[in-house]
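Enquirer: Between the sequences and the hints, there should be enough to build the whole structure, so can you do that?
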Amino acid sequence: SQTIHQWPATLVQPVGSPLSLECTVEGTSNPNLYWYRQAAGRGLQLLFYSVGIGQISSEVPQNLSASRPQDRQFILSSKKLLLSDSGFYLCAWSVKGGMNTEAFFGQGTRLTVV
Amino acid sequence: DAKTTQPNSMESNEEEPVHLPCNHSTISGTDYIHWYRQLPSQGPEYVIHGLTSNVNNRMASLAIAEDRKSSTLILHRATLRDAAVYYCILRDGLSNFGNEKLTFGTGTRLTIIP
Numbered sequence: 006s007q008t009i010h011q012w013p014a015t016l017v018q019p020v021g022s023p024l025s026l027e028c029t030v031e032g033t034s035n036p037n038l039y040w041y042r043q044a045a046g047r048g049l050q051l052l053f054y055s056v057g058i059g060q061i062s063s064e065v066p067q068n069l070s071a072s073r074p075q076d077r078q079f080i081l082s083s084k085k086l087l088l089s090d091s092g093f094y095l096c097a098w099s100v101k102g103g104m105n106t107e108a109f110f111g112q113g114t115r116l117t118v119v
Numbered sequence: 008d009a010k011t012t013q014p015n016s017m018e019s020n021e022e023e024p025v026h027l028p029c030n031h032s033t034i035s036g037t038d039y040i041h042w043y044r045q046l047p048s049q050g051p052e053y054v055i056h057g058l059t060s061n062v063n064n065r066m067a068s069l070a071i072a073e074d075r076k077s078s079t080l081i082l083h084r085a086t087l088r089d090a091a092v093y094y095c096i097l098r099d100g101l102s103n104f105g106n107e108k109l110t111f112g113t114g115t116r117l118t119i120i121p
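One line per chain: the protein sequences are L and W, in this order. If you want the numbering used here, it's the position in the first sequence, counting the first as 1, plus 5. If you want the numbering used here, it's the position in the second sequence, counting the first as 1, plus 7.
Keep in mind the hints are simulated off the structure, nothing from the lab. Just so you know, not all the hints are guaranteed correct.
To be verified - DSSO-like cross-link-like pairs, simulated, lysine-lysine; straight-line CA separation at most 30 Å:
hint	chain 1	residue 1	chain 2	residue 2
1	W	K108	W	K76
2	W	K76	L	K101
3	W	K76	W	K10
4	W	K108	L	K85
5	W	K108	L	K84
6	W	K10	W	K108
7	L	K84	W	K76
8	W	K10	L	K84
A quick note: this is a predicted structure, and the numbers were derived from the prediction, not measured.
Expert: Structure follows, in structure tokens:
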């Protein structure tokens, strides 16, 4: 069966520090991968999505970046965090195609920038 | 992704049916209608999806209008555990890089009254 791992669950980082959040998927190959951010009390904002290694679309211009070094690994990074980067970060995967694109989400990382 | 419109919030009494509406007047012929829900402090989870015909599964039913410009998620007997934000999204069944994007609106916050 397929599983998605996302860590850490919680993170407190000072302003200006770097960030690296990792997401890995097991039990499937060539998945679509997604990073979302959810500010407190707000909706899900798509940050990046990837359909394959080296194929990443950035949806929101900001100080975050994403990389997909392996087929089932998706990394969200920042060189210098801002207070506005605080939020609930979610990784997700799905198979390709809209017919049966049930997306599966990780447990999320709650990031607080202080 | 084509745009969907949902009420910001709804309330329902426990053990009664709930009908959550979604308007998608610009839906294309290849768009599938998907529903997700997000429980507090968790990532979204898939509920149901359909194309033209009504669909049933163990979680809910999906009623799709004949012109496909609207749909309704039906929870047959709401419980307190159904309190969540419910998202209605459209996914194109034709797979290409742009169609693999998965975006969520603000959804409907469902409150269940004991």
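Enquirer: Give a verdict on every hint.
Expert: Consistency of the hints with the structure:
Between K108(W) and K76(W), the direct Cα distance comes to roughly 21 Å. Compliance with the 30 Å bound is thereby established for this hinted pair. Restraint check: the Cα-Cα separation between K76(W) and K101(L) comes to about 25 Å, which is no more than 30 Å; the hinted pair holds. For a cut-off of 30 Å, the pair hint linking K76(W) to K10(W) stands: about 11 Å separates their Cα positions. Taken as a hint, the K108(W) and K85(L) pair is honoured in the structure, with Cα atoms around 27 Å apart against an allowance of 30 Å.
A distance of roughly 25 Å separates the Cα atoms of K108(W) and K84(L); the hinted pair therefore holds under the 30 Å criterion. In summary, the hint linking K10(W) to K108(W) is supported, as the alpha carbons are separated by about 13 Å, within the 30 Å threshold. Simply put, K84(L) and K76(W) have alpha-carbon atoms about 44 Å apart, too far for the 30 Å limit, and the pair is violated. For a cut-off of 30 Å, the pair hint linking K10(W) to K84(L) is broken: about 34 Å separates their Cα positions.
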